[in-house]
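Protein chains: 2
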Amino acid sequence: MEAEKAFEKGEVPIGAVVVYGGKIIARAHNLREERNDPTAHAEILAIQEAAQNIKSWRLKGAAMYVTLEPCPMCAGALVQARIDTLVFGAWDGKAGAAGTLLDITNFPGFNHQLKVFGGVMEQECQEIMRRFFSRLRRN
Amino acid sequence: MEAEKAFEKGEVPIGAVVVYGGKIIARAHNLREERNDPTAHAEILAIQEAAQNIKSWRLKGAAMYVTLEPCPMCAGALVQARIDTLVFGAWDGKAGAAGTLLDITNFPGFNHQLKVFGGVMEQECQEIMRRFFSRLRRN
Chain W
821 MEAEKAFEKG EVPIGAVVVY GGKIIARAHN LREERNDPTA HAEILAIQEA
871 AQNIKSWRLK GAAMYVTLEP CPMCAGALVQ ARIDTLVFGA WDGKAGAAGT
921 LLDITNFPGF NHQLKVFGGV MEQECQEIMR RFFSRLRRN
Chain X
821 MEAEKAFEKG EVPIGAVVVY GGKIIARAHN LREERNDPTA HAEILAIQEA
871 AQNIKSWRLK GAAMYVTLEP CPMCAGALVQ ARIDTLVFGA WDGKAGAAGT
921 LLDITNFPGF NHQLKVFGGV MEQECQEIMR RFFSRLRRN
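Protein chains in written order, with this note's numbering: chain W, 821 to 959; chain X, 821 to 959.
Derived from the structure by calculation, the hints contain no laboratory data. Be a bit skeptical, because a hint or two may be false.
The list treats identical chains as one, so a pair stands whether inside a single copy or across any two.
Heads up, simulated DMTMM-like pairs for lysine to aspartate or glutamate below, C-alpha to C-alpha not over 20 angstroms straight-line [unchecked claim]: (1) Lys880 <-> Glu854; (2) Lys875 <-> Glu853; (3) Lys829 <-> Glu853; (4) Lys935 <-> Glu853; (5) Lys880 <-> Glu942; (6) Lys935 <-> Glu854; (7) Lys875 <-> Glu854; (8) Lys880 <-> Asp912; (9) Lys843 <-> Asp923; (10) Lys825 <-> Glu947; (11) Lys843 <-> Asp912; (12) Lys880 <-> Glu869; (13) Lys825 <-> Glu854.
Predicted, not measured: the structure shown is a model, and the values here were computed from it.
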């Protein structure tokens, strides 16, 4: 649903939620164009909202669900936030940093590693991206 | 000066500026504790301010100057923002992602690479970190 909101705004359709204590505490979608902000990816916005909600930058015990494999910036933010678990939909051959091009979520040298589950609802998550870029090419 | 502002607030003392068209268009320092925001690193805040100033998420032609080698999140943000040049002070053996632990600023698979100059005013930039952590241990 968050990815669909981005789609309707003409943003690359990526959505993310943060779950903590059995509840969704943050929902966000990509707003890079609307905000003119290269950091306004769904994951960054969701992490910021989640941290405000629990009043701590440490999101230990939290899980992020996102429609696309995170880029290096977002994978790095998950490590910074000490998030426990990452679940994502489609793999990203162009910038994926949770296993595809490199793996920032499980880098032995860093002070935090995540449990990662990729390819969950992969078809649906790929499909919205395919729809978006096919519309973009038509226009 | 930005790193000193962070130091005085009890934040890990890291400061960054963005230069564009021969002028400093953004200045920021680490505000992770004050804002309870794991993404509020100096580089992220400086990129956000710079993008607002030029009203574009593409910071092509810009240079970032930062006191410490960026972490994966911040190095990824520099790539996302298409910043041309990164100049940093101290190398970071714990999380450096511009050459030390890994190199996100010059990763062949990504769609953008930066010119990187590390170790500029290295002594001064190391010294403020050393002062901060030695004070932290004393308290």
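Each hint tested on the structure:
Taking the shortest alpha-carbon separations for Lys880 and Glu854, only the inter-copy value of 19 angstroms comes in at or below 20 angstroms, while the best intra-copy value is 30 angstroms. In this homomeric assembly, Lys875 and Glu853 come within 20 angstroms of each other (Cα to Cα) only across copies, at 10 angstroms, whereas the closest approach inside a single copy is 28 angstroms. In this homomeric assembly, Lys829 and Glu853 come within 20 angstroms of each other (Cα to Cα) only inside a single copy, at 9 angstroms, whereas the closest approach across copies is 33 angstroms. Within a single copy, Lys935 and Glu853 get their C-alpha atoms no closer than 31 angstroms, and across copies no closer than 26 angstroms, so neither meets the 20 angstroms cut-off.
Taking the shortest Cα distances, Lys880 and Glu942 never come within 20 angstroms of each other, neither inside one copy (26 angstroms) nor across copies (33 angstroms). Taking identical chains as interchangeable, the C-alpha atoms of Lys935 and Glu854 are never at most 20 angstroms apart, the minima being 32 angstroms within one chain and 29 angstroms between chains. In the homo-oligomer, the alpha carbons of Lys875 and Glu854 lie at most 20 angstroms apart only across protomers (10 angstroms), although the nearest pairing inside one protomer, at 27 angstroms, exceeds that limit. Within a single copy, Lys880 and Asp912 get their C-alpha atoms no closer than 26 angstroms, and across copies no closer than 24 angstroms, so neither meets the 20 angstroms cut-off.
With identical chains, the CA atoms of Lys843 and Asp923 are never at most 20 angstroms apart, being 28 angstroms at best within one copy and 36 angstroms at best between copies. Taking the shortest Cα distances, Lys825 and Glu947 sit within 20 angstroms of each other inside one copy (15 angstroms), while across copies they are farther apart (47 angstroms). Within a single copy, Lys843 and Asp912 get their C-alpha atoms no closer than 27 angstroms, and across copies no closer than 36 angstroms, so neither meets the 20 angstroms cut-off. Taking CA atoms no more than 20 angstroms apart as the test, Lys880 paired with Glu869 passes inside one copy only; the shortest distance there is 15 angstroms, against 29 angstroms between copies.
In this homomeric assembly, Lys825 and Glu854 come within 20 angstroms of each other (Cα to Cα) only inside a single copy, at 12 angstroms, whereas the closest approach across copies is 31 angstroms.
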